[in-house]
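Need the complex rebuilt from these two chains, each delivered in its own frame; the hints are there to steer you.
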Amino acid sequence: MKIVLCLDKSGGLLFGGRRQSQDRVLREKLLELVGDGKLFLNAYSAKQFESEEKLAVSEDFLVLAGTNDFCFIENVDIPAEAAEEWYLFSWNRDYPGDRYFDFDLKENGFKKIRTENFVGSSHKKITLEVYGRS
Amino acid sequence: MKVVSIKRWQAILLAAILCFVTVLPTACTTDTVDHTASTTVVTTALPTSTGMITDETTTTLSGSSTTAVVTTVNVTTAVVPTVTQGTKPSAPAAIPAYSGSPYVVLNDNIPSFSKTELTTTAYERYSELDSLGRCGTALASCGKEIMPADGEERGSISSIKPSGWVQATYDSVDGKYLYNRSHLIGWQLSAENANKKNLITGTRYMNTKGMLPFENMIADYIHETGNHVAYRVTPIYKGNDLLPSGVQLEAYSIEDGGEGVCFNVYVYNVQPGIVIDYATGASHLEDSSAVTTTAKRTTTTIKKITTATTKRATTTTKDMVVMVWIPQSGSKYHSRSGCSNMKNPSQVSLDEAVNLGYEPCKRCY
Numbered sequence: 001m002k003i004v005l006c007l008d009k010s011g012g013l014l015f016g017g018r019r020q021s022q023d024r025v026l027r028e029k030l031l032e033l034v035g036d037g038k039l040f041l042n043a044y045s046a047k048q049f050e051s052e053e054k055l056a057v058s059e060d061f062l063v064l065a066g067t068n069d070f071c072f073i074e075n076v077d078i079p080a081e082a083a084e085e086w087y088l089f090s091w092n093r094d095y096p097g098d099r100y101f102d103f104d105l106k107e108n109g110f111k112k113i114r115t116e117n118f119v120g121s122s123h124k125k126i127t128l129e130v131y132g133r134s
Numbered sequence: 135m136k137v138v139s140i141k142r143w144q145a146i147l148l149a150a151i152l153c154f155v156t157v158l159p160t161a162c163t164t165d166t167v168d169h170t171a172s173t174t175v176v177t178t179a180l181p182t183s184t185g186m187i188t189d190e191t192t193t194t195l196s197g198s199s200t201t202a203v204v205t206t207v208n209v210t211t212a213v214v215p216t217v218t219q220g221t222k223p224s225a226p227a228a229i230p231a232y233s234g235s236p237y238v239v240l241n242d243n244i245p246s247f248s249k250t251e252l253t254t255t256a257y258e259r260y261s262e263l264d265s266l267g268r269c270g271t272a273l274a275s276c277g278k279e280i281m282p283a284d285g286e287e288r289g290s291i292s293s294i295k296p297s298g299w300v301q302a303t304y305d306s307v308d309g310k311y312l313y314n315r316s317h318l319i320g321w322q323l324s325a326e327n328a329n330k331k332n333l334i335t336g337t338r339y340m341n342t343k344g345m346l347p348f349e350n351m352i353a354d355y356i357h358e359t360g361n362h363v364a365y366r367v368t369p370i371y372k373g374n375d376l377l378p379s380g381v382q383l384e385a386y387s388i389e390d391g392g393e394g395v396c397f398n399v400y401v402y403n404v405q406p407g408i409v410i411d412y413a414t415g416a417s418h419l420e421d422s423s424a425v426t427t428t429a430k431r432t433t434t435t436i437k438k439i440t441t442a443t444t445k446r447a448t449t450t451t452k453d454m455v456v457m458v459w460i461p462q463s464g465s466k467y468h469s470r471s472g473c474s475n476m477k478n479p480s481q482v483s484l485d486e487a488v489n490l491g492y493e494p495c496k497r498c499y
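Each protein sequence line maps, in turn, to chains Y and E.
Following the numbering used here, the numbering of the first sequence begins with 1 at its first residue and continues without gaps.
Following the numbering used here, the numbering of the second sequence begins with 135 at its first residue and continues without gaps.
Careful, some of the hints might be misleading.
Examples of chain E residues lying across from chain Y (beta carbon under 7 Å, computed) [to be verified]:
(1) Asn350
(2) Met351
(3) His357
Computed spacing ranges between beta-carbons, pair by pair [what the hints assert, rightly or not]:
(4) Leu64(Y) / Glu420(E): 51 to 57 Å
(5) Ala43(Y) / Ser465(E): 51 to 57 Å
(6) Glu116(Y) / Thr255(E): 38 to 44 Å
(7) Gly373(E) / Lys54(Y): 55 to 61 Å
(8) Gly360(E) / Val119(Y): 15 to 21 Å
For the record, the hints were derived by calculation from the structure and aren't laboratory data.
Just so it is clear, the structure is predicted and the values come from calculations on it, not from any experiment.
Every residue gets a Cβ at the ideal spot worked out from N, C-alpha and C, and that includes glycine.
The shape of chain E in the complex, shown without the other chains (with noise of 0.2 Å):
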């Protein structure tokens, strides 16, 4: 028994020397780290994920727990992440249904980053889209370096249509539109604003209520301490599906070795009471006819159009795109350059000058 012990002892403190000399030398680099350095904005055809996900049972979720006492929580300090050789993200094994949750935690929590990618050296990759014009795995070692700087303003985005881009609206949804252009890694963490390859087609409610907490709990913290956080987005796409069914985030604070951020999480691209079709990008209300209430509204106005006069119609069949006109400063969007005294308008679908938020002209339209 003596014997097994001391072997059982070895081998633990085998595997602790392991650990420690495969992730330390990267943590040890804090103290000589110039937080300085330049930025590393680099494209690189990284790995998707296409096809990862491997069950839909649905599970327990955790992260729903709501009791008046909290119970005790085991603090796990200096946790190391699962590292990888190369830059493979890691895969998530079974992601349940949604049921209710915006995310749900994979492996633990415990992330999964190769040596080279737990750099204080602030960088950010992108994949190239694939054939299907999606978004593949967005990687970051996120630091003050390459967040924005007070008083930055963030850019217009609109000019990007992601894949599976088929905007709706419905009352139901906070703000009405069924679709953000979400950030893979958020604006906030990179200051990217119409990078085509770090905008993917999401849901208002994954990106506020499943992306943007995590991205804030990053950005605070690296703000507060001035460290950085490894971190990873992988849009999880069925086959040949144009919209993801869900992202994972994964991250680690580096200085720290994980003891101020470290997550491995599923955050589903669902809207509550919406029933959405991936494969395109199509939705409906949930108990209604698979029709939009854009395409409604679209249909709507092409009939007005249409019979107000001909002279003004665009568009008379339903494949050709509605143009209209917006002005540089203002909220309609307008039939005709000339009206309200518009100055140097701009000609836009109607689809994208109700997603930009303009609402029709009274005179014109």
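With the rest of the complex left out, here is chain Y (with noise of 0.2 Å):
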């Protein structure tokens, strides 16, 4: 599967069981990656979209989404062993944090294939940093 999420400086996911931030024009890019295909995630992450038209919303999100599928993780555990793929967006931004993303991509068999940066509805600089097998 293609694992999407998204962190802050340090790599942080959520404080206190909420997620760090959010931002319009990143739930836009992440649409426009998933393309004709569904978005995978649960109740929780699916609130933040305006539309569930592109949206495969449950709470076993994770158990359904097949190997091509995009799942947008905000809350639950991270089957790093699925992932064939990662999206992973940076806020470029410090926020507080009680979980953290620290799994050593590069060491687990997988290399950066690319890079962008783009301007957020209320963040000045997020990034997107696609990492795929080796």
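Next up, the structure:
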């Protein structure tokens, strides 16, 4: 599966059970990546999207998603062993955190495929890094 | 058993209704909020939190998990903050000693706000300084109305000397300077510049690693949603200390009932590797004599001035303040107002010049 995460400068994902930040432009970018497919995610993540048209919402989304499906993960365990590609959005900001992503991609056989910077609706610079199998 | 079961159910329902009735009236105003409503800036004598630290036992801190796999977290939505009567801030019951994390969670991250504080009309309230010149609680309903306008630049705050302001420099500190003039309600949230009721002496570490991430979270949330966030910052002093030992930060996003922002934390006013005397603000390196590097530098400078020329020496005793000249533009401070063809230079203390980032002129110093 293709795992999508949003991280702060420290690799933080959550604080107090809540996402650290959100951005409308990032969500649009994410749906562009999904293309004609569906974005798999749970109800907590789905709530920030205006439409569920391109969403596959389920608490079991990680089980239901296929190899080539995008999974947007915010507040559940990350099945690193099932990842074929990683889509890491960085806020380029410091936020408080108590859940972090520190999976060593390089050590686990992934290499960076591309990097893209874009301006968000409330973030001056968001960076997308895509990692695939070496 | 059946009767007991019904009573418990009724009790739960009653509690839920009470919470709903207590908080919702504010939240329900969302649809009718005029985000262009006038900004309210009020100065009140809010109660301070002096002596709130009651225990310094070491406990395991949260916020330090760095596992490769994120553990499942039960997301709490529409958390109801502890709603108090009046404006008395909640008191942190027990704060563990600093043990490596810039902040620690209080009361399971549940803040305490009164109903009137949870308003979608933006306001700021700052406490009067106490008899020791110390800041007290600052409270705001943060919204775009009171945040800096696009392109607005920060003003100078160097004229403010918060209580405990004994500046010092250390190589181990990011940017060298131990202390920042730390906003209680951050500039990015309030656009407040040289407001002495909103500036405390905070370590670089507290300012950038402790407070800033929370301010970022609030600011970005407001920019993204247009919502409001109730935000209270309470400096915590022990006794008559001039330097707060830390600050309590409480925040609650109003329109979405805390779903976006909800925290209650204590941020330590510490600097790793530096020992601070909170009574005065003096500091020294761990495992060294109790002399600040600024003090050393000042002493050296005084000696140099005195040795070089007695005419130039404006100070010869440590009790007097060394005055220097700084230009309208440039990066050097000078002992002579006519040095380097300065036009309309300003005379400031050596300490202030150093603090502002000026370096000694090689010609006259």
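Evaluation of the provided hints:
1. Asn350: holds, 5 Å
2. Met351: holds, 5 Å
3. His357: holds, 4 Å
4. Leu64(Y) / Glu420(E): 51 to 57 Å: holds, 54 Å
5. Ala43(Y) / Ser465(E): 51 to 57 Å: holds, 56 Å
6. Glu116(Y) / Thr255(E): 38 to 44 Å: This hint holds: roughly 40 Å between Cβ atoms.
7. Gly373(E) / Lys54(Y): 55 to 61 Å: holds, 59 Å
8. Gly360(E) / Val119(Y): 15 to 21 Å: holds, 18 Å
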